[in-house]
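There are 2 protein chains.
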Amino acid sequence: MGENGDTEIIEHHVDEEMEKKRILRSHGSSFMESVTPSERDGHSSTQSSHRLLAYSDALISIIATVMILPVAHTKVQDNEELKESLQVLLTTKIAVYLMTFLIVTVAWAAHIRLFQVIERIDDCLALLNLACMMLITFLPYTFSLMATFPENILGILLFCACVMVLGFIQAVIVVYGFSRPFLLNDQIQVSENQVFYKHHILKVIMRVPIMCFFASIFSFIFFQMSYVILAIVIFLPYISQSLKWCRSKAIGQVEETPDSMMFYTYHPNEPLSKERVEAFSDGVFAIVATLLILDICEDNVPDPVMVQKQYGGSLVAALQNYGPEYLAYFGSFATVALLWFVHHSLFLHVTRTTRFMGLLNTFSLAFVGGLPLAYQLTHEFPRNSRNELEAIQISCVIIFFAGVFQLAIWVAALFSERETLHPYVRYGGREHAFMLAKLALYPCVALGTFFLTCILSKFSASIFHLMEITVPFAFLLLRLLVRGGLTLLRLIFCPDGPETRSALEEEEEEEARMPFNTMIT
Amino acid sequence: MGENGDTEIIEHHVDEEMEKKRILRSHGSSFMESVTPSERDGHSSTQSSHRLLAYSDALISIIATVMILPVAHTKVQDNEELKESLQVLLTTKIAVYLMTFLIVTVAWAAHIRLFQVIERIDDCLALLNLACMMLITFLPYTFSLMATFPENILGILLFCACVMVLGFIQAVIVVYGFSRPFLLNDQIQVSENQVFYKHHILKVIMRVPIMCFFASIFSFIFFQMSYVILAIVIFLPYISQSLKWCRSKAIGQVEETPDSMMFYTYHPNEPLSKERVEAFSDGVFAIVATLLILDICEDNVPDPVMVQKQYGGSLVAALQNYGPEYLAYFGSFATVALLWFVHHSLFLHVTRTTRFMGLLNTFSLAFVGGLPLAYQLTHEFPRNSRNELEAIQISCVIIFFAGVFQLAIWVAALFSERETLHPYVRYGGREHAFMLAKLALYPCVALGTFFLTCILSKFSASIFHLMEITVPFAFLLLRLLVRGGLTLLRLIFCPDGPETRSALEEEEEEEARMPFNTMIT
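If you read the sequences in order, they're chains P and W. Read in numbering that gives the first Met the number 0, the first sequence has 328 at position 329, and its numbers run on one by one without any break. Read in numbering that gives the first Met the number 0, the second sequence has 450 at position 451, and its numbers run on one by one without any break.
Check each hint, because a few of them may be wrong.
Just so you know, same-sequence chains aren't split out, so a pair can sit in one copy or run between any two.
[Stated by the list, open to error] Straight-line distance between alpha carbons at most 20 Å, and here's what the computed SDA-like set of lysine to any residue pairs gives:
| hint | residue 1 | residue 2 |
| --- | --- | --- |
| 1 | K308 | P149 |
| 2 | K243 | G322 |
| 3 | K273 | L52 |
| 4 | K243 | C443 |
| 5 | K273 | A432 |
| 6 | K273 | S47 |
| 7 | K273 | S48 |
| 8 | K457 | S344 |
| 9 | K202 | A316 |
| 10 | K243 | I231 |
| 11 | K308 | S272 |
| 12 | K308 | F148 |
| 13 | K202 | F355 |
| 14 | K308 | H348 |
| 15 | K248 | K273 |
| 16 | K273 | M210 |
| 17 | K273 | L413 |
Hints are computed from structural coordinates only; laboratory data are not their basis.
Make the full structure from the sequences, and use the hints.
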């Protein structure tokens with residue numbers, strides 16, 4: 000424990016600074032009204048980090064979903080078999096998309112962790128964070144270089160350089176934050192083990208750039224090794240967590256943390272800022288919903304000369320060519336919007352998100368990101384071709400998994416419902432049944448459509464489009480159906496006085512809601 | 000006043016319903032603990048609209064900036080003169096971009112207004128809002144059809160149809176909201192003039208679709224008239240506001256509103272949700288910052304076969320071709336990020352945004368949206384050509400205006416500083432001086448670069464790149480410079496006891512900050 004002496008000195012120093020700060024502060028607050036505003040700007044320059052984080056989430060979510068574009072813009076030839084072209088796609092571009100999504104979300108999780116420790120910012124931290132963002136947005140490009148030229152070390156070197164600089168900036172942010180304790184999380188601010196926290200966090204943060212440093216050195220000697228190291232970097236938290244679990248089972252509970260350590264533990268139950276999970280998901284859903292309209296706006300405005308020549312000046316005739324594109328756009332927008340709606344309903348009931356729920360959410364979002372591609376494929380092939388059928392089935396599979404992972408979040412939340420859910424949605428409540436129905440709707444419909452298209456392959460396109468149109472109305476009617484079902488059940492099983500009265504009252508309320516719903520449908 | 004009788008009846012009806020609600024509610028709250036959770040879901044189904052609005056802001060900001068893509072992807076030929084090609088660009092695509100931005104922001108402002116009245120949502124409203132979003136995201140496409148085929152009525156008809164359906168859905172949302180008063184703004188909820196509010200809001204909302212209906216009818220008879228009507232629709236609030244102002248000046252103050260009417264007044268001082276202005280701006284900044292990386296990821300990964308053939312397998316040599324693209328990306332990212340930083344600092348000091356400030360913000364964002372295009376142009380021409388010089392000067396002009404409109408927001412806020420600004424940034428404070436310096440930095444630098452490139456046209460590219468590199472550091476040092484200058488001024492002008500002591504203390508604080516800043520630079 001040669002570190003201890005050092006630690007104590009720093010601790011003393013920090014205590015001294017805290018003391019000074021405290022004096023300054025009490026000074027400031029008592030003088031608050033008497034001094035001119037310019038006197039107390041040491042405090043006004045400290046800002047809530049809320050908007051900075053929202054902006055970071057927006058940037059990261061755009062970057063995470065952007066690698067679907069090269070996949071979507073790969074032109075699939077009609078005469079080619081979809082299977083073959085899909086194999087080409089699957090091997091490189093889709094893998095690149097999924098891996099980039101994973102890496103960017105890992106960077107995002109690190110960013111969340113960092114700003115759960117540092118809760119307030121000043122101008123310096125804001126600028127440092129923007130530098131971080133610039134590097135994160137550059138990651139997908141280095142990654143696609145790695146994927147396109149797997150045997151060239153330039154991609155690895157660029158990637159490692161980015162990650163190392165990122166790690167360095169994060170370390171600077173941590174050091175800067177701990178040198179100004181009023182920027183920190185309240186829990187750490189009052190803790191006596193500030194120095195321990197600082198060392199622990201720096202150790203966790205520096206792990207990644209150091210691994211990358213070794214990876215970049217290995218790339219000169221034996222580049223396959225670099226990929227192995229990079230893979231270890233990504234799965235490191237999971238590996239270290241399971242190792243720790245094994246050790247604790249083998250030797251017994253070894254508690255190293257001085258007080259309940261809530262930061263940088265990599266435990267599946269470590270809290271993950273719910274607000275940021277929502278902001279990131281919103282960003283991904285928003286980008287994915289508009290991906291197809293970007294293409295339509297750019298490519299599907301016909302050329303006036305061409306319209307004059309080919310269609311005799313009839314714009315309607317020219318636009319009819321693009322019919323399938325419009326249909327794909329509205330279909331994918333509706334599906335993404337409704338999946339967002341389910342996500343939104345789900346997170347209304349969640350009070351606290353854990354890392355494990357965040358992971359499931361990432362998987363769900365990765366599938367959502369593939370939706371526009373799947374919808375675009377459905378209209379690129381001639382009617383009733385084998386390719387069209389397969390494209391539709393792939394769309395169903397993607398919708399199914401996107402929905403199933405949302406359902407998994409719900410199940411994971413139910414396992415520790417006392418900490419993660421509002422009381423009124425726990426097992427047995429009506430809201431619980433309603434939420435389950437909402438979450439189950441898309442997976443069920445997708446599965447049903449999948450099997451229907453297997454049996455009635457001739458009508459696959461019609462079945463798929465019918466599904467697109469009916470699902471939004473199913474969501475509108477869902478509440479009515481679940482309510483009706485539950486009221487019926489209650490009337491049958493407990494037909495005693497006050498219960499029935501309240502049920503009747505509720506039915507009245509339902510009736511007040513009815514006319515509107517029927518008007519819509 | 001034939002409406003009055005009708006109004007009274009509705010008012011009575013609403014009162015009755017309110018009474019019923021109140022009874023139900025007090026019933027509910029007293030039973031809260033005794034009943035099962037499923038009993039009180041009438042309340043749990045009501046949700047905060049926060050996340051719905053954040054998602055809408057994200058969607059709308061993407062759509063507003065997306066029309067810059069067709070402009071950015073117009074290939075400018077090297078042998079062509081930039082002026083000529085710019086004229087082609089200016090006449091159609093840039094005009095389309097600016098008009099779309101304007102129209103989408105008008106739709107966004109209407110959306111804000113609507114959800115300032117309706118503050119809580121339920122599932123039905125969430126789904127209706129998503130339908131609205133789908134239509135709004137389709138607007139740019141109809142608009143670009145109108146711009147490409149100005150003499151074909153199909154574009155007008157599609158546009159009008161979208162706007163009419165949008166207006167209808169908004170009206171449904173208002174009617175639905177007023178039929179469930181617990182969804183409304185608290186101020187309206189307790190107001191006795193609910194029915195007046197409802198009629199007033201419906202009147203304002205229905206004005207636009209009705210005008211569009213006439214526009215679509217006129218398109219069959221005399222289509223030029225339709226464009227005039229559509230222009231009136233957009234500028235209607237400004238026209239009606241100035242008419243009202245003239246009338247009030249002519250006849251004297253005519254107060255029609257029963258209590259202080261805060262909704263749908265179109266007064267420049269009407270409050271605009273600060274949160275949503277921030278969310279929308281964040282969305283625009285995030286998209287604009289990443290527009291170039293999207294292009295880089297898609298187009299600038301070289302083909303392995305090409306690298307093998309042309310560069311003998313040397314990836315570095317192949318990537319050197321893309322150098323200017325990377326430079327453009329980092330340059331535009333840094334500029335957008337710093338403009339965001341200024342915007343962020345500005346809105347930290349603002350307590351309340353008005354419609355006029357929102358308008359200025361929109362203008363600033365419209366220029367920000369043009370930045371990636373300008374940066375892309377700077378590297379598309381041969382070194383030291385006349386085209387390159389002009390592209391650089393255009394970039395400077397765009398940066399200048401984006402910054403100047405941010406400055407204008409600040410000036411507008413200062414004019415009513417008691418309502419819109421935190422006390423510590425009002426005239427005369429140190430934070431005030433610092434904020435002014437932050438806001439003035441970009442316009443000044445852009446102006447300086449512009450004139451320098453006019454004089455030293457030979458070194459324009461070097462000057463421009465030097466500017467890109469130095470500005471971030473200027474921001475880091477700004478606080479130090481302003482602080483130093485102000486401390487110096489104070490020491491000179493009021494060198495009395497306690498003042499000097501506090502100044503000394505602050506200097507100490509500054510010194511504590513100094514090492515880090517010097518380390519960075």
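- [ ] Pop the pair K308 and F148 into one bin, within, between, both or neither, using alpha-carbon distances up to 20 Å.
- [x] between (44 Å within a copy, 15 Å between copies)
Open item on the list: Within a copy, between copies, both or neither: which one fits K457 and S344 at a CA-CA cutoff of 20 Å?
Closed with: For K457 and S344, the Cα distance exceeds 20 Å both inside one copy (36 Å) and across copies (60 Å).
- [ ] Have a look at K243 and G322 and pick one of within, between, both or neither, based on CA distance no larger than 20 Å.
- [x] neither (57 Å within a copy, 46 Å between copies)
- [ ] Indicate which option fits the pair K243, C443 if close means a Cα-Cα distance not exceeding 20 Å: within, between, both or neither.
- [x] neither (39 Å within a copy, 56 Å between copies)
Open item on the list: Reference check for the pair K248 and K273, CA-CA at most 20 Å: within, between, both, or neither?
Closed with: Neither. Shortest intra-copy (31 Å) and inter-copy (52 Å) distances fail the 20 Å Cα cut-off.
TODO: Can you give me the call for K308 and P149, within, between, both or neither, at a CA distance of at most 20 Å?
DONE: between (47 Å within a copy, 18 Å between copies)
- [ ] Could you place K273 and A432 in one of the four classes (within, between, both, neither) given a Cα distance threshold of 20 Å?
- [x] neither (23 Å within a copy, 37 Å between copies)
Open item on the list: One pair to classify: K273 and M210, alpha carbons no more than 20 Å apart. Within, between, both, or neither?
Closed with: Neither: 30 Å inside a chain and 44 Å across chains, both beyond 20 Å.
TODO: Could you place K202 and F355 in one of the four classes (within, between, both, neither) given a Cα distance threshold of 20 Å?
DONE: neither (23 Å within a copy, 50 Å between copies)
TODO: Up to 20 Å between alpha-carbons, please classify K273 paired with S47: within, between, both or neither.
DONE: Both, since 17 Å and 15 Å are each at most 20 Å.
Task: 20 Å Cα threshold - placement of S48 relative to K273 - done: both (15 Å within a copy, 16 Å between copies)
Open item on the list: Within, between, both or neither: how does the pair K202, A316 come out at a Cα-Cα threshold of 20 Å?
Closed with: neither (65 Å within a copy, 38 Å between copies)
Violated hints, listed in ascending order, are 2, 4, 5, 8, 9, 11, 13, 14, 15 and 16; each of the other numbered hints is respected by the structure.
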